[in-house]
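Listed below, chain by chain, are the residues.
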Amino acid sequence: MDTDLSLIRNFCIIAHIDHGKSTLADRMLQITHTVVARDFRDQVLDSMDLERERGITIKCHPVTMIYPAADGRSYAFNLLDTPGHVDFTYEVSRSMAACEGALLVVDAAQGVEAQTVANAYLAMENNLKIIPVINKIDLPTANIQDITRQIEEVLGLGMEEGCAISAKTGQGIRELMELIVLSIPPPRSAREMGVTRALVFDSVFDPFRGVVPYIRIMDGQVKAGDKIRFMGTGITTEVKEVGVFSPKLTPVPVLNTGQVGYLIGTIKDPRDIRIGDTVTTGERPAKESLPGFKKILPMVFSGIYPVNTADYEKLKSSLDRLSLNDSAFTYQSEASTALGFGFRCGFLGLLHLEIVQERLRREHDVEIISTYPAVVYHIYLKDGTMIQVDNPARMPEQTKIDHIEEPIIRAFIICQNEQISDLMKLIMERRGTVEKTDSLDTRRVMMTCTMPLNEIVIDFYDYLKSISHGYASMDYEHTGHVPSDLVKLDILLNGEPVDAFSCLIHRDKAEARGRQMCKALKEVIPQHLFVIPVQAAINKTIIARETIRPLRKDVTAKCYGGDISRKRKLLERQKEGKKKMKQFGKVNVPQEAFISVMKTGG
Amino acid sequence: MKFIKTDIPRVTGLYVHIPFCDGKCDYCAFYSVPYDAVLADRLLAALEKELVLSVKEIGVAPAAATIYIGGGTPSILSSAQLERLCDVLKSFVSVSAPVEWTVEMNPGSVTAEKLAVLVRAGVNRISLGAQSFHDGVLKLLGRRHSVADIYRSVERIRLAGVTNIGLDLIAGVPGFGEDVWQDTLEQAIALAPRHVSVYALTDEEGTRLNQAIGRGDTELLSDEAQLAALDAAETVLTAAGYGRYEISNYAQPGFECRHHCECWRGGEYLGIGPAAASHAGMERWTNQPDLAGYLEALEQDRPPPRDRDPLTPALKTMEQIVFGMRMAEGISAETAASCEAVLGRLQAEGLVDLRNRCWMLTPRGRHLADYVAVELLGAVDQQ
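Sequence order for the protein chains is A and B. Numbering-wise (this note's numbering), the first sequence opens with residue 1 and increments by one. Numbering-wise (this note's numbering), the second sequence opens with residue 603 and increments by one.
These are calculated hints, taken from the structure and not from any lab test. You may find that some hints are simply not true.
The list that follows gives simulated cross-link-like pairs (lysine to any residue, SDA-like), each with its CA atoms no further than 20 Å apart [stated by the list, open to error]:
1) A:Lys540 x A:Ser565
2) A:Lys575 x B:Ala981
3) A:Lys553 x B:Ala827
Here are the in silico distance ranges between beta carbons for each label pair [to be verified]:
4) A:Lys580 x B:Ser680: 50 to 58 Å
5) A:Gln388 x B:Asp833: 35 to 43 Å
6) A:Lys580 x B:Glu757: 36 to 44 Å
7) B:Asn812 x A:Val482: 53 to 61 Å
Using N, Cα and C, we set each Cβ at its ideal position, and we do this for glycine too.
Working from the sequences, and respecting the hints, build out all of it.
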């Protein structure tokens, strides 16, 4: 069975949070009579709370719609969703690689936001045909003229190729559908006859059917019975079923060039399937895989430890389950002298880290302690080799290090005019430089700046929001590593370094941070019978010190006989509290210490 | 019978809680309500019922060697009420004359008439809540009596024939110099009481002091200053012949409070009244601090609402160790065998000492008695 490629349109919708992506998708489904909109969204409801709280767009699975166009022909529209947040850039770019076009939705009242910019650039890099769509034109505050200018000036896109709509009222939707037919190119035909190549752009895990990769057939076809190979991982399997999203998984006899669908084989381990991988058939394998495949590399790392050591197994199985549907999340066991047995976890970004931590707490009910997030440093040794270090505890000896490189991001920050100076100050405090400032309209500007990733991993976003009273939006992209004067800051309790408190930090900031950390620890570590020096050190040189004075008085004045139950229980509570503390040498450290030290960031 | 033979409680103490006061002192966390004559009459009836029920429950009448009537302010009861209370207690106690029968009295409510009633019934020890010999301190603490009242009360108690007098003092009151505390100690000694209790002012939840500290209106003395005040008390009192037989308690030889000592040694006692605690057999229980609930239950012949705290042999031993350590006599090495390792460590830290096969706190250990207790409790988990 052959498919007429000219009748297929593969596209995605990209938008800033709340600019109307889901409403537009719903409206398109409705106009094409594809479904009850509810089915389309049901499966995203689970994680909705969390994702909405965190301000990211919701990812839903792809859907195929049949659109009867004005030219009298029926087109298959494959709408692929993308996670909106930059943490998931790689996944977004793979979804985009499965498309020929993108609808860039901009709110008619809000205008271009940071996420709009980052996603538009990504779509351009992936050579997608972009249709700018101004949404919510029914709003009384809609300003089509201004937004048109923003789209043209900031993004370099012409509105003559776009359209203005209201997804809510349906105004302009028909025009948009026609524009998709006319502007977005159909998939191109096979380059090498008889050779099959399909791009894995997403995958889900089904407890009954195993891993279900979502694929876009670039060349050739895939059908049940085919023996296929994933070129990146080398995994082979026999196809049991292929199908399309309409929007439920619906089996079809074959998936042809240009089509978007799923395949079911016998793959049990989600880690065997990597997004961006190329599927080829066993008999006549493709020589080259599709461009762009890379192993997803976590950018931010944090140690996750169970609060109660007895929960180690529970935590392990929770992490395992989380990783089933999140191939970007990595974990491996590690031991900290401070925290005992736990896991070193890798995340795509901070948001990803927070989502995983929240899921562990909310969905898996595990109490965890997480260590100060770290990024991946490139450590160049004097012997000419380079090692990557994501855990300050694993830093080589200072004397062996030639120089260190740290990851850098390019951030797009959109804010109101009157907030520029405050935000510039914040950016400079975080060792950033503002490369350029573009006016978006009479009241807003976009700052493009370069910043070290480790300066934003903790609380930059919180500060950004509070300085701008919630108005500023930010997105960023990774731009590589640059040399930096970084030092390892150690914290010593009673003269002993505590690995869980170590961090890599720029030399200029080390002393101030050392002082903050010592102060914070002095507040939370209880008095002991002896003096406890709390010191911060770089390379064994002490740069800050606080002293926890010895406990001299700990006695209940009054102890009437009748009081014994109550008194004993008070003492027992103290004993339980003491038991929960982590012991370093002779010093007991409560769990709050790890949290309060993290809060001293910046 | 509820208890099997080996478990027959040997109740030797009887405690009665009278939860009435004429007001609330700023630092006091003990359960009390304003005095009301009608409520007091109902309480007396209820106390008698509780005694009947409790004796039935534990299976034996208390062979009370000691009786302790505390509060609250027991002396706020009228003479007639005191007489009725004493009659009830006497009718239940299986020995005719308890060795030690204490009543707590406040300097504001000590009258010759009340004392006569008490002495006639067999009361032979009065614990007087003096707290301070400085009117400014008394005012700050929210006490409603003067220094002159203390002198008058001691005189009346002696006139009534009671020579075994204990005075309570509060150390570490903020805003007054060391000389004020020194003077309080000296005036106390000059009255030649048999017994002196010294409590450091403590920030207890639910008190006015606690609120004032929370608001930042006042703060407790530094740990060092509190310890200095407690050490000063030890110096002055021991020089005057009072032995520090427990962390907060001093007495002339032979006048240690038997009732309290028995409690601390793990002895069994019956407590009646709202908020009173009991220990009999393998159980402790504490009546809830709620007069209305107490009266309601007993007036319907039900036991009052109680919080129960069952004990195990290990827990019992542990209590003996933890509370015994607060006493000068300490605990025998045999009793403390299960804690030997921890005690050894505490000895190395200079907090406890082993003398004549008894473990006891060192002077530094007395400053850190709770720390020692928590460490000893930790030894249970290691077993």
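Here is what the structure says about each hint:
Between lysine 540 (chain A) and serine 565 (chain A) the alpha-carbon distance is near 49 Å, which puts this suggested pair outside the 20 Å criterion. At roughly 10 Å between alpha-carbon atoms, lysine 575 (chain A) and alanine 981 (chain B) fall within 20 Å of each other, so this suggested pair holds. For the proposed pair lysine 553 (chain A) and alanine 827 (chain B), the alpha carbon gap of about 10 Å is at most 20 Å, so the pair holds. The hint said 50 to 58 Å for the Cβ distance between lysine 580 (chain A) and serine 680 (chain B), and at roughly 52 Å that hint holds.
For glutamine 388 (chain A) and aspartate 833 (chain B), the Cβ-Cβ distance of about 60 Å falls outside the hinted range of 35 to 43 Å, so the restraint is violated. Between lysine 580 (chain A) and glutamate 757 (chain B) the C-beta distance comes to about 55 Å, which lies outside the given range of 36 to 44 Å. Take asparagine 812 (chain B) and valine 482 (chain A): their Cβ atoms lie about 56 Å apart, and the range 53 to 61 Å holds.
The structure fails to meet hints 1, 5, 6 from the earlier list, while all remaining hints are met.
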